[in-house]
Amino acid sequence: MENRLMVTASPHIVDRSSTRKLMGNVIIALLPCVIASALIFGAQALLVIGVTTAASVGFEFLYCWLMKKPNPVGDLSAVVTGIILALNLPVSIPLWIAIVGAFIAIVVTKQLFGGLGFNFANPALVGRIVLFTGFASRMTTWTFTPKMEQTLGAIDAAASATPLQVVDAAGNSLLGQYPLMDLLLGNHGGVLGETCALAILIGFVWLVATKTISPAIPVTYVATVAVISALAGKPVLAELLAGGLLFGAVFMATDYVTSPFTLKGKIIFGLGLGIITCGIRFWANMAEGVSYAILFMNLMVPYINDLTRQKPLGARKKKKGENK
Amino acid sequence: MSKFQIFTNGLVKENPVLRLVLGTCPTLAVTTMAFNGLGMGIAATFVLFCSNIAISLLRNVIPDKVRLPAYITVIATFVSIVQMLVKAYVPALDKSLGVFLPLIVVNCIILGRAEMFASKNKPLDSALDGLGMGLGFTLTLVLMGSIREIMGSGTWFGMTIPFLADVDKFTFMTTPAGGFFTFGCLMALVIFIENKTGNKKERSIGCEGCPSKSVCGAKGGCE
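Chains as they are written, first to last, in the numbering used here: chain A, 1 to 324; chain B, 1 to 223.
Please keep in mind that the hints were generated in silico from the structure rather than gathered at the bench. Note that the Cβ used here is the ideal one computed from N, Cα and C, for glycine as well. One or more of the hints may lead you astray.
Partial selection, computed: residues in chain B whose CB lies under 8 Å from chain A [stated by the list, open to error]: (1) 5; (2) 7; (3) 166; (4) 172; (5) 175.
Distance windows between CB atoms, simulated [said to hold, decoys possible]: (6) 285(A) / 167(B): 47 to 55 Å; (7) 190(B) / 20(A): 34 to 42 Å; (8) 57(B) / 307(A): 55 to 63 Å; (9) 167(B) / 286(A): 22 to 30 Å; (10) 286(A) / 176(B): 55 to 63 Å.
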């Protein structure tokens, strides 16, 4: 990120932050999710996370070595990508599929486009989406612990789906009947990282406290979803806690490379994310829309950046038709 | 250019799909299966061969101003023949190619070769050019179809591959996105091969690097 041109107006504050330090903070913020997934799904979760992360770092190293590029493994970004990708996989995933996902994330999405800073979309996100379209049945095989089945039994639903997909015999959503405490602690089906909302919130607090991310995107995103859910008459809190919304908002939508620079841009970004997510969740034929919302808004980022470009102090507005 | 050179031009150096980037629509659409790619390739090769000869023979008769409608009429005639033959003898292929079979009429490879080559060269050269280009197109389609079919469905020409039977299918490859992905990788591969074989200089931007240099009359008009 060091050699990127700045597009914000002065003053620019120079501090000691480096890619490595920022990525280190993200890894610390991801730890609660990693621990929570191990507690909920068992040791296999740690194995999936370990293999995916190792594969990501391995592919990054191999690609740069083959292409005779400087070795970027030290900036830890591949580690972050690997952990985030692994937290997007169900615990039952065959390990080779996780490795394919790491290849798509690191080699196809990141390195082929020029490496860190040049990827058009979040690498882990593209890895997740490609795996979901490629190995749909493997990626939606949810594992249920006996405790989860107990909860599901209490609300009279079968243990075969994430809370967003749970429906009664007539096809109506049963999300509103889920105990909020179970949603908060992660006692329900889903991918590794998304189930325990509490762990994600701890990570969020750490990221904001260390100023690693600006809270603008997650807050606007979640607030937009809350408002639209309320207007659409859905159970607001349950909509926020279930599915990949919190994980996506905190860890995936805030990727530096694929989110806008300015505050105004970040708010537009968050609004767009919320609208698309709700559109897919409520009115399209998919239960979850977070990943597609983030992918779509990732592609919009260059335009958002262009439209929200800051004016330097004292610069006057260009009149219509005036030459440069 | 020797006769042999004209023929081999279309295979790698001026491969219509991967280097001239013509005919990408049928390429992406029909290559979910190797068999569809082969069928499409043969049909297009036949049309390309015949239309190149016919247009080359008529090149001094067709007035310049109405040449495109005239070419389309010639091409459409041959496409109709192919379509009737395929419908009668290989109805399964007709079904899987669907609208892309009649759409060979507006396939840019065929119109492109008529405009760039057949209208300026003798019938024999044009026939060789049509065959070479058609073969290049067919090979590319079969290659793409094979990659996508093996990875996406675990079969090749409809036959199950024994050791892939129990492995999860990477169905992404049969989606349009998988098609674009395969297409991009193959393009990169062809450029890589070209660079390795020492033709790197020719690829600079401008008329010098243009694959249509030998037949283009614009003389730098598009730079």
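Okay, the hints, checked on the actual structure:
no. : hint                        : result
1   : 5                           : 34 Å, violated
2   : 7                           : 34 Å, violated
3   : 166                         : 12 Å, violated
4   : 172                         : 3 Å, holds
5   : 175                         : 6 Å, holds
6   : 285(A) / 167(B): 47 to 55 Å : 29 Å, violated
7   : 190(B) / 20(A): 34 to 42 Å  : 38 Å, holds
8   : 57(B) / 307(A): 55 to 63 Å  : 57 Å, holds
9   : 167(B) / 286(A): 22 to 30 Å : 27 Å, holds
10  : 286(A) / 176(B): 55 to 63 Å : 18 Å, violated
The structure fails hints 1, 2, 3, 6, 10 (numbered hints given earlier, in ascending order).
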